[in-house]
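Each protein sequence line maps, in turn, to chains A and B.
Just so we're aligned, residue 446 is where the first sequence starts under our numbering, counting upward by one.
Just so we're aligned, residue 2 is where the second sequence starts under our numbering, counting upward by one.
Careful, some of the hints might be misleading.
Ranges between beta-carbon positions, derived for each pair [said to hold, decoys possible]:
id, chain 1, residue 1, chain 2, residue 2, range
1, A, 467, B, 474, 42 to 50 Å
2, A, 480, B, 692, 26 to 34 Å
3, B, 976, A, 489, 32 to 40 Å
Within a straight-line C-alpha distance of at most 30 Å, the following computed DSBU-like cross-link-like pairs (lysine-lysine) qualify [to be verified]:
id, chain 1, residue 1, chain 2, residue 2
4, B, 515, B, 401
5, A, 477, B, 883
6, B, 968, B, 929
7, A, 497, B, 450
8, A, 492, B, 450
9, B, 436, B, 283
10, B, 885, A, 477
11, B, 482, A, 497
12, B, 283, A, 528
13, B, 890, A, 492
14, B, 283, A, 497
15, B, 650, B, 976
Take a look, some chain B residues computed to stay more than 12 Å from chain A by CB distance [unchecked claim]:
id, residue
16, 193
17, 365
18, 964
Worth flagging that the hints you see were computed from the coordinates, not collected in a lab.
Glycine included, C-beta positions come from ideal geometry on N, C-alpha and C.
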Amino acid sequence: MLYINCPHCGMRSQNEFSYGGDASVIRPELNKEVSDQEWDNFVYNRKSLRGKHLELWQHISGCRQWIKVERDTATHEIFRTFKSDEEVA
Amino acid sequence: MTQAFRIENGGLINRDKKLSFKFNGKTYLGYEGDTLASALLANGVHLVGRSFKYHRPRGFFGAGVDEPYAVVQLFRNGETEPNIKATEQELFEGLEAKSVNCWPSVNFDIGAINNFLKIFLPAGFYYKTFMWPKSFWYRIYEPFIRKAAGLGVASTKHDKERYEHKYEYCDLLIAGSGPSGLAGAYAAAKNGAKVILAEDKPRFGGSLLTNDVNIGNQSGKDWAEGIIAELKTMPNVVVKNRSQIFGYYDHNMLVMSEKVSDHLPSTKKYNPNKRLWYIRAKEVLISSGSIERPIVFGNNDTPGVMLSSAAKEYLKVYGVLVGRTPLVFTNNDSGYETAIEFKKHGVDPVVLDSRKNPESEIIDEAKNLGINIKNSYVVVAAQGYKKVKSADIASITEDKKQLGKIENIKCDCICVSGFWTPTIHLASQSGNKTKFKEEIDAFVPGQSKQNEITLGAANGVFTLEETLKTSFKAGSELSKKITENDNEIAIPNVVEKKSSQHDKFWCVPLPKGKNYKRFLDFQNDVAVSDIEIALREGYRSIEHVKRYTTLGMATDQGKTSNLNGLQLVSEIENKVVPAVGHTTFRPPYTPVSIGAIVGREVGKHSKPTRKSPMHSWHEKNNAVFVDAGVWLRPRYYKRGNENLFEASKREAKNVRTNVGVCDVTTLGKIDVKGPDAAELLNRVYTNAWLKLPVGKARYGVMLREDGIVMDDGTTTRISENHYHMTTTTAQAANVLSHLEYYLQLVWPELNVNVVSTTEQWAGAAIAGPKSRDLLQKLFPNSDVSNEGLPFMGYMEGDLSGVKARIFRISFSGELAYEVNVESDFGNFMWEKIMGVGEEFNIQPYGTEALSTLRIEMGHVAGSELDGRTIPFDNALEGLVSKKKDFIGKRSLQRSAFIAEDRQRIVGVVPLDKQTSIPEGSHLVKDDKAPLPNPKLGHISASCWSVEYDNPFSLAILKDGKNMIGQKLFAMSPLKNKVIPVEIVSSHYVDPKGERVRS
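Kindly generate the complete structure, drawing on both the sequences and the hints.
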């Protein structure tokens, strides 16, 4: 079970969180012309990376905040975690 | 009953307390502190089971967790448990156990015929045989194999025992209380670290209990006792025996199973049977020791052949002789230690050492005691069927290829030692890349991946002095990092005998003309010849060889067989062992009770139960409840002998003719507040929300980004910046997360807060032609007329002093209202409604009637919004705004979603107007078409229309728009039904929606 550092609450076990997928996906702006390819990339296409991956988790049984977690998908190592509005440098 | 093989004195058992127990129906005596194995051996019982494949007689091979043979069925306090190792099960008064894998009895076992058929049962026999004829597999072969195989029977009764889960955090977790674990724990504890020390056996001390060593002028055993006693007094230390750490998971999470009650005749009041610990450790010290490995020779599975360390343990810990004429077969000095113990207790062993001329302190001691030692000698084969009677022995050449003349010597047990295998399971599970250590012919942990360190024998260190030195140091350094204390510990003096180099020899060659079975895996009956066959047939990867031959796949997970198997593969393949590699170690290290894994999450505790504030009223009024997610909802209110069908029909009919009331507390409720609340709703829902006035409700549909309907519900504008959103019962949590996702990540500029208020409000739906009259009486000071409170209107009211929210919304298609009060007043509201409603013939209605009402009105619900439908499919395209953008809108342009023959909701009526159509039935054009019959659609919901008094269903049907009036068939192979049906409009009752506006 992963041990995730919630930037709001501290170290918590994985069973308090729910997974939210790739954090680098950006929703196309509202009321903007979007091509089929762009929309497919947003809704469906994911890279499924092996290695360092920035992903979303929600601290669902805690502060209910969505956070960003930088995790290695192969080793599960967690490098850093960020608040939703924090710059990922 | 005498304990003929119990020595006069010695051992750590309590001789003042005799215990009586039964094995295979026969009564025996043992002592407190015995295991089932040691007590049976004390009584001279060696035959405990039959082997898995050939049903050969099985005895005891080890004395602990590594035991491959002595697996029994245990009976305790009216319960039974399979797969119990007799070597681990502590004796208690009244214990009962039976052999497994034999039928009808262990002495006369019909399956033993396999032993004579073994030529037909080679590696992979499951895959090769029993293939023809096909129908024989499940009718004859499989039931027979099931009866003959297996390691016991699971109880079919409910387990009365209780199992607990516990979460724990510590600085240092130590797995194993041998010398390494004790030293590490002591040093860390002295530095103030929070330490958990876990030992799987009942007694602490590991090898110190059986090895003849001195630490700091006391025996190893006394030193261990002193350390444990001191650790137990320290507040920062938890010391646990009977506790097996069986899994090492991500981020230093380890799981431990504590046997709280298995050693007692029955579980004490308020105690669990087992406790599962989830331990998050900052650092882990693995001191799991090592397991002796066997040398492979002919018939090496005969009862009486056992590990030399086990024989020593039975003698030193339990005071039991495993034989009176023992033969010790060794390739290293450990065998001598066992021989010395025998000799000290008046028994004359013979030692066969495969080495030519070994010299060491231990060997000198054996020689001085006058022990008969034969160098360059090996056991070729054990003789005897149900028990060793003699051994064929021979000299062996230095290259270990040629055997000398075979001699036969009498013996009643063969104690074998092929050196030691470090227990690296936990380290390997942690992700540690193990490495092969030439000097000990075994794998040891390599580079750590997580915060773990392996020390002592588990790390291939077999001298006590070095083990203590490295372990004190590690305990001290690891704890210093955490507590910043540095209390120095003086390392005690150690007296131990020096060993000589072991012989790299593990398998005795077959003598000419003999075809003895030489077993590698004792539990799964995998012999040398099986591995040879697998390799001959082309299996190369060790993982494949393992699966084809089942080497190391039994419940003992190859603790005694893995390395010898690797040796064999490497020899045949002409590779070195590290090039062959080992199979992956996976948790659990040893079998764990399913009960312990499940914990308390059984029965009604398997999920939370949510009840509405009116629950006790429903109970008192004969409600029959149904699970709705985690909620309990009244399905119907039983009157007299009514069944579900009759009751729900009555309730639904009463709504259509008079007035009914339904508990709708479970509906998800979300408060949406803030200056941008309307903007959020406008983006989340498919329809327009910016112009909804205060005091009005609106029905809305929300999509996922892929265009699929996520949820529906009404949202009401309570005040300028305050909306009350409702969701379906099932989707409440998901919708909240969905809103939070967009507010926190996608549109953080929106100034809106959302919070769940599901539990804060109790809700009652009042529906039926007389609902307005009832409402007027409930709220005499409010104007609830059609003008005062029009359809989709909202007002606040005063319910006899309780503030209430009144919504004019309808799920039943009738004139209807929903009244909400704060949860604490829920029951007050309900009783008020029932009391005042009496004169209007009010009846409560449950979810079944609720469904009937919504189905015949064509209102969609969960069975249509099933994660596969878009608004069009549900005839909701009128709610999809063409002007504004919203979540999922772009996806609605996908070609499949705008196809001319897109699926759509329809109504379905059986032609005979009698036969109810099972939900899930497929709609097909031709009921006689060959399979697979093309499916045009499926029945999503069925009811008995109270309006027309005939069955009615909703269906999602391909090209549904153009199918009205068509005749099709509803087929349900599950219920074996074929029903001719007519497709009609989904709005079966009041298609113009006049009643809700009346």
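The hints, checked one at a time:
1. A:467 - B:474: 42 to 50 Å: holds, 45 Å
2. A:480 - B:692: 26 to 34 Å: holds, 32 Å
3. B:976 - A:489: 32 to 40 Å: Holds: the Cβ-Cβ distance is about 37 Å, inside 32 to 40 Å.
4. B:515 - B:401: Holds, at about 17 Å.
5. A:477 - B:883: holds, 14 Å
6. B:968 - B:929: Cα-Cα ~14 Å, so holds.
7. A:497 - B:450: holds, 16 Å
8. A:492 - B:450: The hint holds at about 26 Å.
9. B:436 - B:283: holds, 25 Å
10. B:885 - A:477: holds, 11 Å
11. B:482 - A:497: holds, 28 Å
12. B:283 - A:528: With Cα atoms ~25 Å apart, residue 283 of chain B and residue 528 of chain A stay inside 30 Å; holds.
13. B:890 - A:492: Since the Cα atoms of residue 890 of chain B and residue 492 of chain A sit roughly 24 Å apart, the hinted pair holds (cutoff 30 Å).
14. B:283 - A:497: Holds: residue 283 of chain B and residue 497 of chain A sit about 23 Å apart, inside 30 Å.
15. B:650 - B:976: holds, 23 Å
16. 193: Holds: least Cβ distance 21 Å, greater than 12 Å.
17. 365: Answer for residue 365 of chain B: holds, closest chain A Cβ roughly 51 Å.
18. 964: holds, 30 Å
Comparing the model with each numbered hint stated earlier shows that all of them hold.
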